[in-house]
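Colleague: Build out the structure end to end from the sequences listed, making use of the hints.
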Amino acid sequence: MFRETAITGFIATIVVILLHFAVSKPKFDNVFGKDRGLRLLDPLRFLVFLMTLIFVEQKWNFAGALRKLILLVALFCLIVLAVTGFVPSVIYDEAIGSWWLFIHAIMAGIFAVCMAALAVLWADRNRFDKNYLPWLNTILRRQPKSTVTPERYELEIKICFWGIFVLMVPVILSAIVSMFKIFGTHGQEVLLQIHRYCTFFLTILAIIYLYFAALNEMEKTAGRS
Amino acid sequence: MALNNGLKINAILLAVVLAMANVAGAVEPPLLGDVPDGSRATPLHLIPMLAEPLPGKEPDQIYPKNDPALPFSTKATCGACHSYDIVTTGWHFNAVDSNVPAGRIGQPWIFADPLTATVIPLSYRDWPGTFRPQQIGLTPMGFLGHFGRQMPGGGIGEMLDKTDNPDEVLRVGITGQLEIDCLACHNTSPGQNMGSAAGYAIQVIKGNYRWAATASSEIAYVSGTTKNLPESYDFREPFVSSDSKAKPPIVEYDKSAFGHNDWVQFDISVHMLKQRCYFCHSNVDIHDGRTEKWSADEDIHLYAGLTCVDCHRNGFKHNITRGYPGESKDSNNVLAAHSSCEGCHLNNKDSNTPAAGRFAAPVPAHPGIPPIHFEKLSCTACHSGPWPKAELVRTKTAQAHALGIAGASKETDVLPHLVYPVFAKAQDGKIAPHKLFWPAYWATMDGNNITPLNIDAVKAAAGKVITKAAYSKTGDWPNLKEEDIANVLSAMASDVEAGAKPVYIAAGKLYSLDEAGKLISVEDKIAAPYMWPIAHDVRPAAQSLGVRSCGDCHSTNSPFFFGLVPVDSPLKQVTAAGVEMVKFQDLPRFYTKAFAWSFIFRPWLKVITLACCAVIAGVLLLYALKALYFVAKIFVGRES
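As they're listed, the protein sequences go chains A and B. Mapping of the first sequence onto our numbering: residues 1 to 225, in sequence order. Mapping of the second sequence onto our numbering: residues 226 to 865, in sequence order.
There are no misleading hints in this set.
Quick list of simulated restraints, FRET-style, between CB atoms: (1) Val16(A) / Val588(B): 39 to 47 Å; (2) Ile79(A) / Pro813(B): 22 to 30 Å; (3) Ile91(A) / Gly370(B): 53 to 61 Å; (4) Gly64(A) / Ala849(B): 20 to 28 Å; (5) Ile825(B) / Ile79(A): 24 to 32 Å; (6) Arg773(B) / Ile14(A): 45 to 53 Å; (7) Ile825(B) / Trp99(A): 12 to 20 Å; (8) Ser98(A) / Ala849(B): 34 to 42 Å; (9) Thr676(B) / Trp99(A): 41 to 49 Å; (10) Leu121(A) / Ile597(B): 32 to 40 Å; (11) Leu847(B) / Asp29(A): 40 to 48 Å.
FYI, nobody ran anything at the bench for these hints, they're computed from the structure. All C-beta atoms, glycine included, are put in the ideal place defined by N, C-alpha and C.
Modeller: As C-alpha cells, this is what we get:
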C-alpha cells in the first residue's frame, strides 16, 4: 500500500511542479539574459541556478552563514535519508536493512539536530503576515498597517516550512519511541507506518519548499537585474 | 454408423465405470480402530496377543502355556483392529519412501567410527548434505545394527530382505523383520522397557527383530540372541542344538498378565508420555564435563503442562507434524499449518477466526522489537536452545549417542561431536539455532563428484595405518597426523576406479594426494559442516534473546553473530580456531560489526533526537500560541 502511495505521490508532485513551472513562466530572460542561444537548455540552466543557491552569500554575517550551512546540511541529510529510506521500500519493495539502515540511522540523528536548529533560527522569519490573504482582511474589515508587499511565493514557502516542522515531530517520535520497550509488534508496525507516511509527506513538502524557494530566488534575481 | 460409434463409446465408458467400481470395492474397509467414534475417553485395550502368522495363514493367539512362548507380532495383534499398512505411511516410518517430501532438514543418523576417523551423516530422506546408508555399504540389516536401537520399527526395519546380500536375505528368516513397535510410543505403562539390558534397543542390536516389541512390553522378558543360530532355526519350534553358542531368543511372559480368555491388557493411549518420545529425542548438554540431567531444565512447554504430542499431532495416518513454519507445503497433515510456534502464540492473519492462545499459550507482545526481526529470525532464534555464550555447548543426542541404552558410552568426548547453538541461515532464509558437526569421511572424487567409500574398504585400508596406539579410550577421535591421512589415501589409491582419486574430508577441507604423492588440502563446500535447525528446548520468555537489551545480539562481541564455531577433526595439528557465525548467516562481517558498534551510540541517539524533537515541538507550540493570541486579539477587537 505504502509503495503504491509513495510512487503515485512522488510522480504526482513532479507532474504538478512541472505544470506549475510551465504555467508560471519564470522570467528566464531576466535571469539568464535575452540573447542566449539554445533556449531548449533552459531547464538545465534552471538546475544550475538551483545549485548556485547552495552557496553562502558574501554579504551575510556569521549567523546568516550558519543558518545557511545548517540548511544545507539538513538538505543533504534529507536527500540521504530519502534515498536510504525510500529506495529499499519503494523500489525494491523490502524492509529497510543492511547498509541502508545503518546510514539512515546515522543521518537521522544529524538531520534531527539540524532541524531543531533551523526551527529556532528560522521560525521567526517564517511567521505569517497579515497581508498574505487580502480577501480575509476584507472579510474581517481590517486595514493592515504593514505595507510591505510579500514575495510572490512567500506564503507557499512558509506553509511548507511549518508543515515540515509539524511532520518532524511524529517522524522523530515514531522512530525513537520504537526503540523503547513500550510498543509491541502491532504498535511497532503502526509506528513504522506513521514514520513512513510522515516522512513521505515531509519529503513532498521539502520538494515543494525547494521549488518555491528557487522560484522566489529567481524572481528576486530577476528583480535585481 | 454414428449410432454404432455412440454405442461403442457408451460401452467403453460403462467398462471404465465398472472397472473403477471394482477397484473401489477392492479397498479394504476401515478396521475397528481406524476411525474413532469421537469419545475422548481412552479405549481399553484388553486383547488377545497374536503371533506372526505363517504365510497365507491366520495369526495364532499366544497362550501362557505355549512352548516355546512366541513373541507377539504388533502387525498381527495391533493390526487386527488398526490398518497396519496405513500406519506405515506415518513420518516415523516413511523415510524410505522416496515419494514422501523430505521436509525441513533434520537430524541425520550419524555414523561415527573412531577406528576409521569417520563421522558421516546418513539418511534415507533427501536432506542436503546427507548420504544414503548404502553408499557406505550399510545394508538394511547393517543400518539397523547401528541405528535401529532408536527407531520405532517399520520402514527400513521391514525391508531387511531388500538387499543384494544373500546371507542377509536368509537371515531374515531367523531374525524376522523389525515391525513397528506400537508400544514404543503408545504404551503408558511404567514397565515399558526400551533401553535396559533386555529391552527393545538391546534386542535390535542383537538382531532379535521379531522379539523386540515383545521385549519392550512390561509383560515379557526376552533373553538369548539370533546371532549364532543356524539357518534351520524356526522360532515356532523348540530349539535343540549341540552348539553351546547357539542360544535362541526365549520369551518369558508374566503369567499374571493373562486374564479372561488369556487376553492381555495393554495400557495404550494416544496421549503419549514424554518419556516415550524422550527415548529417541533426548539431548544432554555437557557443561563442565557434567552430563547429569538434574542440572538442566526441560522445555518450558512441559512445565506448562503440555506433552510433546499436544503440538506434534497426527491422526491415524501417523503423519505427525514436525512443527516448523511452512510445513503445510510438505505435509498432508491438516494441522501442519497451525503446529508451529505461530500456530498457538500468534493469530493467523489469513484466518477469519482468532487462533492464538491454544493450550493457553501467551500471545507475545514483543515490546521494543522492530518487526524486521520477525522477517529475519525464526522464533527459535531467540527462544530455543541454550543461551548463546562465547563457547558453544557440546551436546549429545539419543539418536547420535545411544542415550538411555544399557552399555552406551557416558564419555563426554565420544563421537560424534555435536555443538550448538549455531545461529545460521536456515532453508527458509531465516536465521535459526542449529546443531552442528563437521563430517569426516573417506571418499572417491571423480571430477566434482564425491562418493563416500564403503566402510569395510575403509577399515581395510585405514587399519593398516591407524594403529591402536592412536585410538582414544573415550571414543574420541584417534590422534591422527597429516602423514597418517596421506598413508591411508595411498593405501586406497589402488581400490578406486580409474579416473577417480581417494580423498578425505574433514574440518571443512578436502584432503587428497597430488601427483607427487604429497598431501594437499583445500577448503571445499562439500566439506561444509552439517547443520540442522533445532526447536527445543524452548526457554522461558524471560530468558529469550533481547529481553535485557538489543545488546544481547547487537554488540561487538555478541556470540549470536561473532561466536566461534570450533572446527572439529581428528587432525588436531591443523584444526583451525573456528568459524564466526556471521559466515553461516550469509552476513558481511564488516557490516555486522559496524552495525553492532553503532549500538554503543544508540542511547545518545535517543537522547539527542528526543531533545531535538522537544525543541521543535517547543517552537511549534510557541508560535502556535502566538498565532492563537493574534487571532484572539482580532476577535475581541484589540488588534493594534
